[in-house]
Structure formats: structure tokens, C-alpha cells
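**Student:** These are the residues of each chain, in order.
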Amino acid sequence: MLPKLIIKNALRHKLRTTLTVLGIAIAVGAFGLLRTVITSWYASVEVAAADRLICRQAVSFVFPLPYAYRDKIAKVPGVEKVTYLNWFQGVYKDKQQFFPRMAADARTLFDVYPEFLVSRQELEAFQKERNACVLGQDIANKYGLKVGDVMTLEGDIYPGRWDFVVRAIYKPRTPAVDGTQMFFHWEYLDERMKQEMPVRAGQVGWYAVKIHDADDAAMVSEQIDALFANSEAETKTETEKAFQNSFLKAYSAIITAINVMAFLIIAVILLVLANTMIMSARERSGEHAVLKTLGFTGKHLFGLVTGESILIGLLGGVAGYGLTRFFVFAFSQIVPKNYFPVFILEDITIAQEFTFAVFVGLIAGVIPVYNAVKTNIVDGLRHVG
Amino acid sequence: MHAIWRFLLPAVPFRYMVGNFRARRLTMSITVGGFALVIFVYTAVLMMSYGVEKTLATGGSDRTIVVARKSSQGEISSIIDGDAVNVIMTLPQVGKDDKGRTLATAEPVVVINLEKKTGEGGLSNVTVRGVGETALHVRPHVSLSEGNMFQTGSREIVVGKSVRDLFAGTNIGDRIKIAGDMWTIVGVISAQGGAFESEIWGDSRQLQAAFNRQNTVSTVTFRMTDDAKFEDLEKAFEQDRRLVQYEPKTEIKFYREQSELLASFISALGTAVTFIFSFGAIIGAVITMYTAVANRTTEIGTLRALGFRRRSVLFSFLIESVLLALVGGAAGVLLASWLRFFSLSTINFNSFSELSFTFALSAGIVVDAMVFALFMGLIGGFFPSVRAARLKIVDALRNE
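From first to last, the protein sequence lines are chains A and B. Residue numbers for the first sequence, in the working numbering: 14 to 398. Residue numbers for the second sequence, in the working numbering: 85 to 484.
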């Protein structure tokens with residue numbers, strides 16, 4: 014009998030219930046969006062391969078390492094393949110367009126990064142041509158670039174005008190892999206440096222090292238760093254995951270701020286629902302007294318009020334989940350791809366949304382339940398709305 | 085003004101509205117709380133974004149010029165070669181101090197990793213700037229607050245106040261490793277809360293050598309002579325073949341651009357989110373006001389029967405809702421204003437290094453927040469007020 018009464022009660026003030034559900038839905042949607050911003054931020058860490066090490070200059074990654082390190086690293090036991098990259102940056106079209114642009118070793122890049130899928134044909138075409146480049150699928154789509162097009166960058170770290178021919182377009186293996194990067198031949202960069210700024214030739218930004226067994230990561234890292242200890246360019250080698258994590262930590266203040274906002278939103282949901290429940294319970298204090306007179310106990314009243322509260326919370330949660338899907342979709346359309354290369358609603362976020370919806374329902378019922386149980390029958394019957 | 089009030093409020097007594105607050109204390113305070121939360125977040129976001137801008141703009145002058153490579157997006161991606169530096173230093177617009185020294189500083193700027201103090205902080209990036217001997221005269225808002233300035237030609241450095249607070253092992257007398265060598269910290273600099281407090285400064289020639297930069301620098305900053313015009317300077321850069329790839333900007337403009345990316349990111353994200361969840365608070369207010377109307381149907385009927393016009397009833401409910409929103413808004417702003425005593429640090433996208441900044445409040449932000457609250461109150465109160473105004477006297481009085 015109780016469930017039926019709960020539903021009847023919830024539907025008594027249709028407008029009020031609808032508005033409450035709507036309010037909760039919007040807040041749940043915003044919560045989901047914020048949490049998705051955060052999980053997407055961490056997405057790069059999640060997909061980082063455990064069997065890949067990043068070896069960079071110990072002082073900071075803005076300093077280069079000698080090209081000569083390559084062969085030494087390759088000889089370390091446990092190392093399968095070594096590739097090397099330089100952060101090129103540069104300006105494409107105007108300064109607002111940022112996506113990673115890097116010089117890389119064309120022969121080994123895709124062996125070390127198998128999550129970037131390139132057809133054999135395109136890969137060979139890319140490897141053959143000195144000023145060819147590879148684009149991520151998302152970037153190619155965004156700027157309408159096709160194989161055979163010319164892409165011009167204005168260099169900043171490496172001054173001058175740089176022309177590239179698009180020879181390949183890579184696809185991310187899973188949706189969580191970044192599809193917004195651009196790679197070109199390291200040799201092309203190095204040749205021009207030899208002519209224009211000889212002191213900057215023969216330099217590598219960092220090495221990416223694929224190892225045979227992920228369990229050896231710590232050992233291999235140590236051995237690599239030991240090779241170059243006390244040299245002019247000491248190295249710091251760590252797993253890609255640790256490397257990415259150190260980047261994210263730098264933004265921890267922003268991430269914390271977003272998290273705080275997400276949880277303040279829960280507070281807003283709570284306020285909206287509690288408000289509704291308190292108002293309903295006050296109007297019904299006469300009825301509650303009647304129920305008590307009929308022999309219903311505090312337990313029943315608790316079930317009645319809390320049940321209604323949880324029901325409304327849950328309805329809001331369901332609607333909010335739908336809204337989250339919409340927000341996430343809209344956000345990924347509006348926000349430039351390069352802010353969040355990967356933007357996916359995760360299962361854990363959905364679970365959190367429903368947990369909070371139920372939890373808020375439970376809490377919002379506390380005051381009205383307390384009032385309903387505590388008020389004695391005579392006062393309850395005498396009460397005027 | 086008075087006439088307008090007479091029109092809007094033909095005297096539904098103000099006390100009646102206030103009395104309502106008292107009678108429904110709990111729901112009213114919950115509604116106010118909802119508004120307060122939204123305004124708190126909104127204000128906090130604006131304060132954060134403004135804080136970043138302010139930190140980078142502090143001490144900036146339009147008589148001080150920063151020269152960087154045209155396409156560079158920040159100081160670390162700018163390169164100026166030694167020959168060009170010499171040309172810039174001898175431009176007629178470059179000021180001199182009373183000892184005849186050029187008021188210009190050619191600066192190599194790099195980023196190094198240091199260990200943060202807080203447990204989980206790990207490594208973060210710090211800007212290291214090599215400066216010339218007149219750097220403190222070029223930037224008068226920067227001053228030595230403790231210890232001594234580094235000796236020219238030695239491996240000594242001074243650290244910004246925020247660097248010392250944020251990073252481990254950065255007190256006076258400590259030694260830190262930069263480019264394979266140990267450098268001794270001899271002093272602490274402060275910059276009236278500006279961005280230079282998040283940097284480490286050393287002798288530019290020493291740092292050039294340590295970082296194997298030969299004679300190239302990242303940027304050149306100089307003070308213009310009193311009679312120099314910025315337009316002439318721009319022309320000089322456009323016409324000189326040796327300078328054409330570089331661009332002079334006033335310090336104010338240069339640093340505003342440095343903050344743009346981060347500040348706009350924060351405010352875009354924050355505003356979008358506040359906008360979404362302001363709906364939550366508005367709906368809360370709608371529910372409260374609808375209920376208030378429903379509970380007071382008989383009273384509304386009585387008021388109308390006494391001769392009060394429909395619009396008086398409409399405005400009395402609307403004003404009640406706006407009042408709730410404004411009280412909530414004021415509470416939210418007040419709460420957010422406490423954030424001024426907190427400082428945050430995060431990586432600035434442009435300099436790629438840790439920037440510490442304080443939440444900053446401005447009159448504009450307060451006005452924005454209150455206007456937003458007013459707006460929420462109007463929207464939230466509109467439909468319930470219309471319903472109240474449209475009640476028929478007979479029906480309203482018949483209501484039990």
C-alpha cells in the first residue's frame with residue numbers, strides 16, 4: 014500500500030514535482046558535465062602505455078638531449094625500440110589554433126606508438142618524402158586537410174616558414190586516444206638547423222622508449238639515467254604515465270576548483286529537493302496526524318516521506334543522466350578539440366550521478382520526516398497550511 | 085522616480101512582504117541559500133580569472149617595452165639573436181639612467197623543474213630569467229625584500245616570494261641545481277604580488293652560458309625615454325631589416341596577452357557551468373513562489389477585494405522574489421570575498437611555468453554578480469506572480 018501512496022503523493026502537485034525533477038535534472042546534468050571535464054583531463058594518463066618510457070633532460074623538458082644518446086639507449090637491456098621527438102609548436106593559421114606539432118623519427122614513431130593507426134600505403138608515402146607530415150584524423154577533419162595538401166607553419170621555437178605535404182592521416186585506435194597531433198620528419202628539422210642555427214642541430218626533445226616487459230620499467234629507467242649521469246645533459250626517465258601525471262599535477266588548482274564546483278552543485282540539488290519536501294510535508298501535517306490516529310507508526314511515516322523524496326530524486330537523476338548525454342555532446346561540439354582531445358562520458362560518472370540522486374533524496378527527507386514523526390496528533394490536526 | 089514607485093506599488097504594504105519571510109523561515113532561507121551558492125560560484129570564478137589577469141599585469145607600464153619574436157606565444161618560445169639585441173639596445177628610444185647606463189635588459193628565459201613543498205605536489209615548472217644589471221630600474225615595482233641581489237658574474241640567484249613559499253629548498257643560503265651546476269640563493273624578490281614573484285632571477289650572461297644559449301636571449305625589455313613615441317618605435321622595427329622579425333609591445337599589452345589564454349579558459353568554463361546550474365536555483369525560487377502564491381490565495385483575494393489592482397499584486401510577488409535573490413546574492417558575494425585571502429597556483433599556458441595568484445575582487449565583479457542575482461529573482465518570480473495577479477477575486481476568496 015505504501016508504494017502506491019508514495020506515487021500518489023508525488024503526483025499530487027504535478028507542477029511542483031515537475032519543476033523539482035527539472036531542477037534536479039539540470040543540476041545532475043551540470044555535475045555530470047564537470048566530472049566529465051575532469052575524467053577527460055585524466056584520459057591521457059589512463060591510456061598511457063605502461064611499456065613506454067619517456068626519457069627527457071633532467072633539468073626540464075624544454076632543454077634538448079643529444080641525438081647521440083639514441084644508440085646508447087637502444088643498447089640498454091630490456092629496450093625494444095627507441096624513437097625521438099621534438100616539440101615544434103609553431104603557428105598554424107593564427108595563434109588561436111593549437112594542437113601538438115612535433116618533429117619525430119619517421120621510421121620508428123609508429124612502432125613505439127601503435128595506438129596511432131596508419132595504413133601501410135600512407136605510412137610508406139610519409140616515410141619516403143622528406144617534408145611529409147602525418148595528421149591526426151580530428152585535426153585533418155577540423156581544417157579540411159586531405160592527403161596531398163600543403164600545410165604551412167610559421168615557426169617560433171624554430172623560426173621561419175615551414176611547408177609540409179600531408180602524406181598520411183592516422184586514426185586513434187580507441188576513442189580515448191588523442192587524434193589531434195601532427196608529426197613530421199625529424200631529419201627535415203635537423204637539416205634546416207644545420208644550415209641556419211648550427212648550435213641547435215643534432216638535438217632531440219625527448220626519447221620515447223618501448224620496452225619488452227612493463228614490469229622492468231623501473232630497472233630500465235635507472236639504467237638509462239645511469240648512462241648519462243654527470244654528463245652535460247643528464248636524463249630523467251620515467252613511464253609515460255608518470256610523465257603525463259606530472260603535467261596534470263601542474264593544473265591541480267584548476268582541477269580542484271572544478272571538483273569543488275561539482276560538489277557545490279550537489280548542494281544545490283539538495284536545497285531544491287529539501288525545499289519541495291518541506292513544503293509538501295507542512296501542507297500534509299494534518300494528514301500525517303490522521304495517519305497516526307489510524308495507527309500508522311513513525312516507521313510508516315518515515316517510509317512515506319523518504320520514499321517520495323527518493324522517488325523524486327531518482328526521477329531527477331534519470332532525467333539528469335539524459336541531460337548529461339546532451340551536455341557532453343554539445344560541449345564536445347562547441348569547445349575546440351584541442352582543449353580536450355578526448356571527451357567521453359564515463360560509467361563511473363553515471364554511477365555517481367545516480368548515487369547522488371538517491372543520497373540527496375534520503376537527506377532531503379530528514380527535516381520533514383523529523384517534523385512528521387515528532388509532531389503530536391493534536392497539533393498536527395490543528396495545523397493550518 | 086517617486087511616481088514610478090507609486091505606479092508599481094500602490095501600497096501593498098512592504099511589511100506584508102517582509103512578514104512572509106518570517107512566517108516561512110525555513111523554505112525562504114533554503115531558497116536564499118540556493119541563490120547564495122550560485123552567486124558564490126559565479127563570483128569565485130570571476131575573481132579567479134581576474135586574479136590571473138591582475139597578477140600578470142601588476143606593475144606593467146606603457147612606457148616599458150617588451151620585444152619578442154613575432155610569432156612567439158610566450159617568452160620561452162621567443163628567440164632573439166645577439167646582433168639584434170645590440171641593435172635594439174642602441175635604438176634612440178631606449179632610456180638611460182642618471183649614471184648613463186642603458187635602461188634595458190636582454191633576458192634568456194627558461195623553465196626548470198623544482199620539487200614542490202606540499203606532500204603530493206611533485207615536480208613543477210619554474211621560470212628562470214637571466215637579467216641585466218638595470219633590471220630593477222626597468223621594472224621599478226620589483227624590489228629585493230630579503231638578503232642581497234646576486235653578484236654579476238657569479239653563480240648566485242634570487243628567488244621570487246611565491247617560489248620560496250611554494251617550492252622546497254628555496255630559502256636564502258640553499259643551493260639548487262640548474263644546468264648541472266649548483267647555484268646559491270642569496271635573496272628574495274617581491275613584485276607587489278605580480279608574476280615576477282613566481283620566478284627565479286640570475287645574471288643573464290651566466291645563465292646564457294649555463295644553458296648553452298651563446299648570445300641569444302628570449303626577450304629584451306627596456307624603458308623608453310620620456311619624449312619617445314611608441315609609434316616611432318614600431319616604425320623603426322618595421323623598417324630595419326635586422327629587426328623586422330621582432331615586435332615591440334608595451335609591457336601592459338604583452339603581459340595581458342600572456343594571461344589571456346588561462347584567464348579566458350577559467351572564465352569560459354566557469355560561466356558556462358554557473359549558467360547551467362543557475363537554472364537549479366531559479367527553479368527552486370519558482371517552486372517557493374508558486375507555493376507562496378498557493379498558500380496565500382485567500383489573502384490575495386482579500387487584497388483584491390479591498391481594491392488593490394492586479395499589477396500591485398503582481399509586483400508585490402515579483403519584488404518578494406527579487407528580494408530573496410538579492411539577499412542570496414549579497415550573501416554569496418560576501419562569502420566569495422573571503423577568497424581574497426587565498427592564493428592559488430597553477431601552470432600558465434603561455435609561460436609553461438607555475439604562476440601563483442590571488443583571487444581578486446573588483447567593483448565590476450560585484451555589480452555583475454548582483455545583476456545576475458536580480459535576473460535570477462525576476463525569472464524565478466515571474467510566472468508565480470502572473471498566476472497570483474490573474475486569480476479571480478471570487479475564486480480566490482472561495483479557496484479554503
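A portion of the hints provided could be inaccurate.
[What the hints assert, rightly or not] Result set (PhoX-like, lysine-lysine): computed pairs, CA atoms no more than 25 Å apart in a straight line:
(1) B:K333 to B:K138
(2) B:K183 to A:K108
(3) A:K21 to A:K254
(4) B:K138 to A:K262
(5) A:K387 to A:K21
(6) B:K200 to A:K254
(7) A:K184 to A:K94
(8) A:K108 to A:K141
(9) B:K154 to B:K201
(10) B:K313 to B:K180
(11) A:K254 to B:K201
(12) A:K106 to B:K245
(13) B:K200 to A:K262
(14) A:K159 to A:K184
(15) B:K138 to A:K108
(16) A:K262 to B:K337
(17) A:K108 to B:K154
(18) B:K245 to A:K262
(19) B:K337 to A:K108
(20) A:K94 to A:K254
(21) A:K27 to B:K476
(22) A:K106 to B:K313
(23) A:K262 to B:K201
[Said to hold, decoys possible] Far from chain A, by Cβ distances over 10 Å, these chain B residues were calculated:
(24) I163
(25) T218
(26) E315
(27) E322
No lab work stands behind these hints: they were computed from the structure. Every residue, glycine too, gets a C-beta built ideally from N, C-alpha and C.
**Student:** Take the hints in turn and mark each one as holding or not.
**Tutor:** So, going through the hints one by one against the coordinates:
1. Of the supplied pair hints, the one linking K333 of chain B and K138 of chain B holds, its CA atoms being roughly 18 Å apart against a limit of 25 Å.
2. For the suggested pair K183 of chain B and K108 of chain A, the alpha carbons sit about 41 Å apart, so the restraint of at most 25 Å is broken.
3. Distance check on the hinted pair: K21 of chain A and K254 of chain A sit about 53 Å apart at the alpha-carbon level, beyond 25 Å; violated.
4. Between K138 of chain B and K262 of chain A the alpha-carbon distance is near 24 Å, which keeps this suggested pair within the 25 Å criterion.
5. For the hint linking K387 of chain A to K21 of chain A, the alpha-carbon distance of about 24 Å falls within 25 Å, and the restraint holds.
6. Distance check on the hinted pair: K200 of chain B and K254 of chain A sit about 19 Å apart at the alpha-carbon level, within 25 Å; holds.
7. Restraint check for K184 of chain A and K94 of chain A: satisfied, since their Cα atoms lie roughly 22 Å apart, inside the 25 Å limit.
8. As the CA atoms of K108 of chain A and K141 of chain A are separated by approximately 31 Å, the hinted pair breaks the 25 Å bound.
9. For the hint pairing K154 of chain B with K201 of chain B, the CA-to-CA distance comes to about 37 Å; that exceeds 25 Å, so the pair is violated.
10. A distance of roughly 16 Å separates the Cα atoms of K313 of chain B and K180 of chain B; the hinted pair therefore holds under the 25 Å criterion.
11. About 22 Å separates the Cα atoms of K254 of chain A and K201 of chain B, which keeps this hinted pair within 25 Å; it holds.
12. With a C-alpha separation of about 39 Å, the suggested pairing of K106 of chain A with K245 of chain B is violated against the 25 Å cut-off.
13. In summary, the hint linking K200 of chain B to K262 of chain A is supported, as the alpha carbons are separated by about 11 Å, within the 25 Å threshold.
14. Only pairs whose Cα atoms come within 25 Å are accepted, and K159 of chain A paired with K184 of chain A is accepted, the gap being roughly 14 Å.
15. At roughly 22 Å between alpha-carbon atoms, K138 of chain B and K108 of chain A fall within 25 Å of each other, so this suggested pair holds.
16. The hinted pair formed by K262 of chain A and K337 of chain B fails the criterion: a straight-line CA distance of about 29 Å is larger than 25 Å.
17. Between K108 of chain A and K154 of chain B the alpha-carbon distance is near 11 Å, which keeps this suggested pair within the 25 Å criterion.
18. In summary, the hint linking K245 of chain B to K262 of chain A is supported, as the alpha carbons are separated by about 21 Å, within the 25 Å threshold.
19. Simply put, K337 of chain B and K108 of chain A have alpha-carbon atoms about 16 Å apart, close enough for the 25 Å limit, and the pair holds.
20. The straight-line distance between the Cα atoms of K94 of chain A and K254 of chain A is roughly 18 Å, inside the 25 Å bound, and the hint therefore holds.
21. Restraint check for K27 of chain A and K476 of chain B: satisfied, since their Cα atoms lie roughly 22 Å apart, inside the 25 Å limit.
22. Note on K106 of chain A and K313 of chain B: the hinted pairing is violated, with a Cα-Cα distance of about 31 Å set against a maximum of 25 Å.
23. With a C-alpha separation of about 13 Å, the suggested pair K262 of chain A and K201 of chain B falls inside the 25 Å cut-off, and the hint holds.
24. Non-interface status of I163 of chain B relative to chain A is broken: a Cβ of that chain comes within 10 Å, the nearest being about 7 Å off.
25. Distance check on T218 of chain B: its Cβ is at least 27 Å (rounded) from any Cβ of chain A, clearing the 10 Å threshold; non-interface status holds.
26. Once the 10 Å rule is applied to beta carbons, E315 of chain B is consistent with being away from chain A; the minimum gap is 24 Å.
27. Listed as outside the interface, E322 of chain B is consistent with that label: its C-beta sits roughly 17 Å from the nearest C-beta of chain A, beyond the 10 Å cut-off.
In the structure shown, a violation is registered for the earlier hints numbered 2, 3, 8, 9, 12, 16, 22, 24, in ascending order.
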